[in-house]
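One letter stands for each residue in the lines below.
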Amino acid sequence: MSMIDTVVRVLDTHGKLTTPAGSLAPDADLYAAGMTSHASVNVMLAVEDAFDIEFPDELLTKSTFCSIGAICSAVEGLLEAAA
Amino acid sequence: MMIDTWFGDPESPNLGFLHLPDDRRAVGGVVICAPLGYDQVLGYRALRFVGQELAARGVAALRFDYVGEGDAAGQSGSAHSPELWMSSIARAAAYLREAGVENIALLSLGAGALIANEAALTVDATALALWDPELSGRRFLRRQRSLFELTVGDHGGPNDPNALLSLTLHPEAAAWLRAREVTADALPVGIDTLIVGRRANDESPATLALRSTLPARAEYRSVTGQEELLEAPSSLAVLPEETIAGMADWLRERFPAASVPLTPTVTDRAVVGEAPDGTPVVERLLRVGPDELFVIETSREGDTDSGVVVLQPGAAEHRVGPGRFQVLAARELAERGYRTIRFDRRVTGDTTEVRPGEPSLLFTEEWVDDTDQLVAGLGLTADVAHAGLCAGGWVAARMAERRAARLTVLFSPNYFKTAALRAGEYSVLTQEERNGTRRFSGLKRRVRGILPGWAWPVLSKLQLFHDPAVLLEASTRRESSTVALLLTPHDRENFEAHRGPDAVARLQGKGADIRVTNYPFGDHSLFGEDVRAAMLGDLLALVEETLPRAAAVTAGSRA
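If you read the sequences in order, they're chains A and B. Just so we're aligned, residue 1 is where the first sequence starts under this note's numbering, counting upward by one. Just so we're aligned, residue 1 is where the second sequence starts under this note's numbering, counting upward by one.
Quick caveat, the hints were computed from the structure, so don't treat them as lab data. Please read all numbers here as calculations on a predicted model, not as lab measurements. Just so you know, even glycine gets a beta-carbon here, dropped at the ideal spot from N, CA and C. Hints may be right or wrong, so weigh each one.
Simulated DEER-style distance windows between Cβ atoms [claimed, not checked]: (1) VAL271(B) x ALA81(A): 48 to 58 Å; (2) MET1(A) x MET2(B): 30 to 40 Å; (3) GLY100(B) x GLY22(A): 56 to 66 Å; (4) ALA94(B) x TYR31(A): 40 to 50 Å; (5) ASP49(A) x VAL516(B): 39 to 49 Å; (6) GLY22(A) x ARG355(B): 34 to 44 Å.
Looking at chain B on its own, in the form it has when it is part of the complex:
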């Protein structure tokens, strides 16, 4: 079983997910220390699976967002980030102890090792497991910097020489990380330690040095399969089940045989900010509908009559890394008098248990059903906006076929059919694209260029081609409905290749309020901080233009 709860300091709460054995008794507890950077995005479901596996062995496990990351309170990029990472781990350990856990272990992934290795002694841990650890903070920063340059750097934005992939770091926090290393000398003394490194690094100087001088209570295991988890698109990631089972077994053996009953505190409401007039901004944790979708609702305390904005991430991701734009948008909108909803669709984040081999649901009808289930379950009515990145934007647009919305915002849209894919089909298409074995793509590209204007809408309606007019038709059908497309240069190119400007002109000719914003820089996934900030600003402006604020805010601004 899994419990969603806020914990820690009420002034800056952490969001946590507690995995418990079904009988609510445990032999020990594991604090799962998340990685930093893009590993945090790609490793999210894998760490949930670690929690499940530990609970199945009679061990409690707590996953959480560090303060300033994911859904936790606070801003990223603080000079105090290292203290916040460390104190978040200490709070997680304290939460488990208050629930009744007697023995605590830490498990980290990636750069989480640089933090967990420091924190192990301060939280009096019994054991420490470092999964695919980053052995050098300096090297971690170089890796993230290089990844940013190689994946985002050529998208023409303002050049930030310190930009990292999926991570905002204050120079002081970067300096702290740069000075951290996992070496034999730096391992915590007197604690059983398991290091699970990737086979490809066996011959690296840092790994050779570590392995040749391991202290008595430390063990090193070399494994394969990490690249398939952490270096593949989320739709193609493969869970290294054997590695996870091995770590869970090792941790279980570090605890006594007898279990103790646990009585965890569950807190489903937290204050995460303050509106300009001093009204608290609160977030409530909810489970909605038959699939128990994990939902976070944000509003000013007491506001119940405002417009509602439903936010969705791209790909199969949730709200760490670039996906945190949803958290920032939710809190900013709440401060301005709007209610916002962010949630995990099936097979993402904290909705639905992780099952090895589960298919990706990108661009499937299941995710439209999830959003419909959410809207119905929360009783949302007319004054609703749907906004999402890429696949999330596709779901937002598809929702118009089912329910009215005042505003639909598509960040970086690139899929313009209404026909949904089958579960797992997107992964197959992505793999074919990578292998260069996708059928008809070259032919379609050639035909697309020469197709006469009259034939385009006909073939598009048959879903043979992507056509923005087909996807957006339902969203623009109703009066008082606004649709906004926010396009990075690459998405604009794709939009134009699919005759997007013609589609927009056709829909506008029928009276549709449809707007297209082209950004001169930025990457599709919004790794670039500047394009993310620009789109967030435009979302706020669109919501303010189209949705009613809470009456209390409107009355306040008139006074």
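Next up, chain A with everything else stripped away, as it sits in the complex:
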């Protein structure tokens, strides 16, 4: 499963979005699509489980989780740093 597919699956399970994550553009605002702060934390923890990574404190901001693209970009950065 590709990174974006995994992130979409996590968002569908934990994001509380009003529309399926797969129908959103990579830069669509997830908060505008119904994601709450609580849901974004659940998304973060599920993404951590899926990729075996941990978001550092400096990435615990709304902008890290504001879109599918932003999440993928943060995950890529963390995976590269770990490699």
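Starting from the known structure of chain A, fit chain B onto it as the hints suggest.
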């Protein structure tokens, strides 16, 4: 039926609520172990409903605040918090046994599982139910830390890299929690255990590992509806009735068929501190008025002649999490020679039984009536202050229409109409706001920006717009009456958008003593510890300036 009582060590008492079957006989008893963090705030009424459901099945249930949390004695943030959580559970079990209960079970919610799982063997529990358990202490701390950063972190306060949402933890206590896990190996041996997890976590590695290795006497149930209870604003929370009924049935089946009579000890007075001169600070539990409002009165022992401060929380919350500022304020003020009152309004905390689907009463006339009922029932007279957060501050301001007050303090006010909402209306408005379907809000915002100065008071009096002058007019009408607005940056922005500075100037022009304090940081709900401490300090100073202390304190300070 429900009994309010202090219990445990008289040096550091716990406040508890004992649910009993109406015939005062029970087949067993359940110690309800509260969650930590914001779940404690959002899950409070749900756990009361659990107590009700257990009592309806012939089981006694005790809810309580851990020492250092809620209305219990003690300070939060102690290095000894884990011992205090564990000993609080042990005291609750001992209290039930002393009342006559023979078999004890534990039920926890959220991170309460990390404590209850440890305590089950030490209290010789018959059964253990872990509702929506946090399976890893480390993960719980990360969740609370992330929630703090995502909800409060951008409010510009001093940066505390260890701040958690709605929870103050000493590093040693955090280390204890971080090392706790609910795994198949960590479950207590020889005890029937029910784990009720949320469906969305079915595929998480921790849940998969737990379920694949469950010991023989453990059962796992996957449920929906937890997010609707614990991840929604309190005004929109939905009670998962089916889940609660299922847990209550499971617990009932763990006890024998025959019931035994119970004779619980009821203690309505406790010493919770000490004034500088050594006089005990005492708290009394009261039920007041036709709705039997749950009330805690705090004062120095013997003080009856001081000014009285009535404290109210925000939203539909009570006194855990940030709402504990009321407990700290009450005890601090009592030490200084003032009497304080904190209480639960209808459909909050421990006033009124939980009814599924009950409407939120935020910004309704019912809560003004409750406060009026409280003041009348306690016979409070002229030297009274009303202080409240957000909706509690709105009630405080509205009280001025009915009774005189020397001081009115509004923490984080954001609702400036005197027209009350109907029961449940706030929940509808919140939902519409979330869905983006609220009518006229954009139009009102645009009109608000261009409305000429003369038209503003006219339209505001018709309650078409929020106008601080309309809400505060009654509070400032009387001589010797002070009004204070304590504003975080976001609330200040809202205050200014509703022409608050003009309103204050107009009222001051008529001779009103009205003060506005702007804090350079802080969040509306006072999750941030710094803004909470700053507002608490300002409340103490305002009370000391405006209300008389007990004569004994005044005489002492003169001597």
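Problem - Unmet hints by their number, sorted upward, for this structure - result: 2
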